[in-house]
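Listed in order, the protein sequences are those of chains A and B. Just so it is clear: in the first sequence, position 101 is 101 by the working numbering, and no numbers are missing. Just add 239 to wherever you are in the second sequence, counting from 1, and you've got the working numbering.
Fair warning: there could be bad hints in the mix.
Said to hold, decoys possible - Ranges of calculated distance between the beta carbons of each label pair, as one might list FRET restraints:
#	chain 1	residue 1	chain 2	residue 2	range
1	B	283	A	164	24 to 30 Å
2	A	16	B	287	25 to 31 Å
3	B	374	A	162	50 to 56 Å
4	A	162	B	291	34 to 40 Å
5	A	190	B	394	56 to 62 Å
6	B	308	A	136	17 to 23 Å
None of these hints come from the bench; they were simulated from the model. Backbone N, C-alpha and C fix where the C-beta goes; we use that ideal spot for every residue, glycine too.
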Amino acid sequence: MNCLEFRRAALADPHHPGHEALAHEASCPTCAHFYRELRMQEEALYEAMNVPVPDGLADRVLLRQARGWRERFFPRFATPALAASLVLAALLGLVWQFQSDALTPEMLAAGILAHVEEEPKALLAEQRVPLARLVTAVKRSGGELGMPPGETSYVNHCPLPGGGTGEHLVFNTPHGKLTLILMPDKRIAHAVRLDRDGLTVSLMPAGAGSLALISDNREKIGEAENWARENLRWQGGRT
Amino acid sequence: MNKSAFEHLVRAYSGELYRFAYWQCRDRGVAEDLVQETFARAWNARAQLRDAAMVKPWLYRILRNEHARLHEKKSLPIDDTELSELPISDGVDLERDYAVREQLAMLSPQYREPLLMQTLGGFSCAEIAETMGIGQDAVMQRLTRARLALRRLWLGEALGTSKEKTS
Numbered sequence: 001m002n003c004l005e006f007r008r009a010a011l012a013d014p015h016h017p018g019h020e021a022l023a024h025e026a027s028c029p030t031c032a033h034f035y036r037e038l039r040m041q042e043e044a045l046y047e048a049m050n051v052p053v054p055d056g057l058a059d060r061v062l063l064r065q066a067r068g069w070r071e072r073f074f075p076r077f078a079t080p081a082l083a084a085s086l087v088l089a090a091l092l093g094l095v096w097q098f099q100s101d102a103l104t105p106e107m108l109a110a111g112i113l114a115h116v117e118e119e120p121k122a123l124l125a126e127q128r129v130p131l132a133r134l135v136t137a138v139k140r141s142g143g144e145l146g147m148p149p150g151e152t153s154y155v156n157h158c159p160l161p162g163g164g165t166g167e168h169l170v171f172n173t174p175h176g177k178l179t180l181i182l183m184p185d186k187r188i189a190h191a192v193r194l195d196r197d198g199l200t201v202s203l204m205p206a207g208a209g210s211l212a213l214i215s216d217n218r219e220k221i222g223e224a225e226n227w228a229r230e231n232l233r234w235q236g237g238r239t
Numbered sequence: 240m241n242k243s244a245f246e247h248l249v250r251a252y253s254g255e256l257y258r259f260a261y262w263q264c265r266d267r268g269v270a271e272d273l274v275q276e277t278f279a280r281a282w283n284a285r286a287q288l289r290d291a292a293m294v295k296p297w298l299y300r301i302l303r304n305e306h307a308r309l310h311e312k313k314s315l316p317i318d319d320t321e322l323s324e325l326p327i328s329d330g331v332d333l334e335r336d337y338a339v340r341e342q343l344a345m346l347s348p349q350y351r352e353p354l355l356m357q358t359l360g361g362f363s364c365a366e367i368a369e370t371m372g373i374g375q376d377a378v379m380q381r382l383t384r385a386r387l388a389l390r391r392l393w394l395g396e397a398l399g400t401s402k403e404k405t406s
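When you get a sec, could you build the whole thing from the sequences and use the hints?
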């Protein structure tokens with residue numbers, strides 16, 4: 001095997017170039033150097049491809065599948081079970097309502113703070129998110145955005161405390177990083193503020209759900225609340 | 240395949256499939272939808288899986304088809320996606336990861352796809368060839384070209400100007 005053949009083999013499959021290629025590499029310092037570099041490149045490539053997987057992905061896949069299993073089973077008994085299903089749905093609705101209400105705004109705020117602390121990469125990220133993506137994320141939560149409070153540095157679709165998902169956004173504002181979490185299904189009875197570990201969270205009703213503003217600048221959280229009231233609109237009114 | 244085996248399958252492959260999906264569409268939400276749809280179709284078509292050892296290429300094939308279907312329906316941009324939309328990882332060297340991701344995104348899909356299957360999925364050239372429905376020589380050529388292009392970017396050389404010295 002000559003150098004050209006070695007390089008072809010190594011570039012096609014760096015981890016398994018074959019015995020002949022490895023024998024050539026052992027006897028050719030130039031190709032050995034090339035191969036070392038190639039493996040470093042492979043390592044960097046793997047790290048770069050290895051994007052973070054959203055928390056709870058497998059659970060969500062299984063949950064959807066479980067729903068599918070139930071849907072496939074029930075049609076056989078559709079007619080006699082229809083009335084019972086409606087009653088059950090109404091009961092589940094009441095249970096859901098109860099559970100939703102059972103998560104007090106204080107508990108939800110504490111859960112949101114824990115989520116922010118558990119996801120430090122969100123505050124470190126500098127994605128330079130295009131405005132269109134930001135608008136889409138707000139729309140996905142059923143809202144409309146006026147002016148953002150600064151450049152968006154992070155957008156993610158995240159699992160929320162107590163179940164469900166929401167939009168996790170981070171902005172670079174003149175007063176530092178401002179985190180906004182939109183929770184279209186988390187209805188709260190009243191607004192609440194919570195200070196812990198140098199972070200302040202302000203939880204506010206928003207449309208049919210709620211939103212949370214998180215900042216390490218306690219003095220400026222009121223300003224952030226005003227921004228949310230003026231720039232986030234929901235069906236049925238503003239924040 | 241029973242429910243328990245399916246659950247093992249989801250737990251074993253959802254992360255890997257998500258990453259593959261992400262690099263196909265470069266959108267986290269769409270990538271998750273693709274994974275969801277892949278497993279839904281896999282469950283519905285489980286009777287077609289004759290050989291349990293082939294489950295991984297089978298899942299990749301379903302995901303590729305789903306992505307193609309989505310692309311057909313929504314005309315998702317493949318080549319013109321903004322590089323600035325790429326997320327940064329929680330790796331130690333964020334800047335380096337970001338640069339490599341930009342380089343990876345610059346590859347056209349026909350070169351990026353076999354590279355993802357080999358690097359992320361650990362597929363052999365023969366398996367990639369079968370999944371993509373092309374010849375093994377074509378796969379090796381695409382992998383070689385993809386790595387050469389990345390190497391040139393990696394070394395900061397202008398595309399198409401590099402000549403390797405060979406004996």
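Each hint, compared with the structure:
1. B:283 <-> A:164: 24 to 30 Å: holds (27 Å)
2. A:16 <-> B:287: 25 to 31 Å: Check passed, 30 Å falls within 25 to 31 Å.
3. B:374 <-> A:162: 50 to 56 Å: holds (52 Å)
4. A:162 <-> B:291: 34 to 40 Å: Because 38 Å falls inside the window, the suggested range holds.
5. A:190 <-> B:394: 56 to 62 Å: holds (59 Å)
6. B:308 <-> A:136: 17 to 23 Å: Cβ of residue 308 of chain B to Cβ of residue 136 of chain A: about 21 Å, so the range 17 to 23 Å holds.
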